[in-house]
Amino acid sequence: MLTDEKCLITDFDNTLFDWFDNWYEAFNGALCYIFEQYPNLDREEFLLDIKNIHEEHNTTEYLNVFYEISELQKYKTILNFHEVCSDATVLREELKTKHLHLFCNVLETFKYLKQNNYKIVLFTESEAYSTSLRIKALNLDGIVDYIYAPPAKNFGNTDLVYTKLISFDKQSHYKPNKKNLEKILNDLYLKHENCYYIGDSLIKDIKMAQNANIKDIYAKYGENYKKRPEYELLKNVTFWKDSLVKAEEKSNEQDIKPTFILKNSFKEILEVLNINEDNNV
Numbered sequence: 000m001l002t003d004e005k006c007l008i009t010d011f012d013n014t015l016f017d018w019f020d021n022w023y024e025a026f027n028g029a030l031c032y033i034f035e036q037y038p039n040l041d042r043e044e045f046l047l048d049i050k051n052i053h054e055e056h057n058t059t060e061y062l063n064v065f066y067e068i069s070e071l072q073k074y075k076t077i078l079n080f081h082e083v084c085s086d087a088t089v090l091r092e093e094l095k096t097k098h099l100h101l102f103c104n105v106l107e108t109f110k111y112l113k114q115n116n117y118k119i120v121l122f123t124e125s126e127a128y129s130t131s132l133r134i135k136a137l138n139l140d141g142i143v144d145y146i147y148a149p150p151a152k153n154f155g156n157t158d159l160v161y162t163k164l165i166s167f168d169k170q171s172h173y174k175p176n177k178k179n180l181e182k183i184l185n186d187l188y189l190k191h192e193n194c195y196y197i198g199d200s201l202i203k204d205i206k207m208a209q210n211a212n213i214k215d216i217y218a219k220y221g222e223n224y225k226k227r228p229e230y231e232l233l234k235n236v237t238f239w240k241d242s243l244v245k246a247e248e249k250s251n252e253q254d255i256k257p258t259f260i261l262k263n264s265f266k267e268i269l270e271v272l273n274i275n276e277d278n279n280v
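Mapping of the sequence shown onto numbering that gives the first Met the number 0: residues 0 to 280, in sequence order.
Worth flagging that the hints you see were computed from the coordinates, not collected in a lab. Yeah, the Cβ is synthetic: ideal placement off N, Cα and C, and Gly gets one too. Only true hints are included.
Pair ranges (Cβ atoms, derived):
| hint | residue 1 | residue 2 | range |
| --- | --- | --- | --- |
| 1 | Val271 | Glu181 | 20 to 28 angstroms |
| 2 | Lys226 | Glu70 | 34 to 42 angstroms |
| 3 | Tyr188 | Ser264 | 30 to 38 angstroms |
| 4 | Asn115 | Lys178 | 27 to 35 angstroms |
| 5 | Pro150 | Phe34 | 27 to 35 angstroms |
| 6 | Glu43 | Val271 | 40 to 48 angstroms |
| 7 | Ala136 | Lys266 | 15 to 23 angstroms |
| 8 | Ile77 | Asn235 | 20 to 28 angstroms |
| 9 | Glu270 | Asn39 | 54 to 62 angstroms |
All chains should be built: construct the whole structure from the sequences, respecting the hints.
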C-alpha cells in the first residue's frame, strides 16, 4: 500500500558535495607523485591505461587503479614501480579525506527537510564503499534515510549506523534509466506526486526524472567544474564512453528543460518545496 510520505531523492556527486574538487585533488596528487618518481613515463599512454581500467570497473573512483596498472606487463619491469603505485594509492586516500566537504548550506537544508517530514533518499552511480565512507565523514548517517548505490568490487561496505544501504544491480542501475527511480518508489511505497528528484546533470539526472514522471530539480551550481581547465584530466580517464562525454558537454537548457533550477546553492530547494525557514526551529 502506497504511503503519503514526502520524499526527496537526490544525486550525490556535485549535488551535495564538490565531487570534482575531491576527485581531482586526490587523483592528480597521486598521479603527480608517480610522475615525479618516473618523469619519463608516457603520460598520454599512462592515462589511457587508467581509463581502460576505469571502464572495466565502471567507475572513475576505482580504489585499486594504481595497483592494477602496476601489474600490467609493460610496467612490471620498471624498478620499484609497484611500491610507488602502492604509495600513490595511500596518498590518494589521504588527499580525498583532506578535500572532502559538503556544498554550503546542505546540512542545514537537510535539517529543514527532516523537520518537514521529508524522507531523504540518495541515489548514486558511485560505488557503495566510497559512498558509505563519505556519508559517515560528512555527518549524513541518519540524515539520509536510504542509499541506493552499486556494490564495490573487491571492497565491503562500511558500517552505517542509521542509513540503510541498498545495492543496485551493477549492470542496470546507470542513469538515465528511469527504472532506477521506479525501483526506489516501489521499494519504499512512495507516490510519484509526493517525490522530487535533484541532480546536477541534465542529460542523466533531469532526463531520468522526467522519464520517470517525477518532479525534477536541476542543481545547476554543481556543473561549474566543467569550466575549469582541470576538467580535461577527468575527461581523459573517465569510465564514460567518449560519446557520453560529448553529449554531456553539448547538453543545455534548450535540449532538456528542467522544471526547477537551483542556480547558486542547494538551499534554494526550500523555495521549490515551499518550506518557510521562519516556521522551523
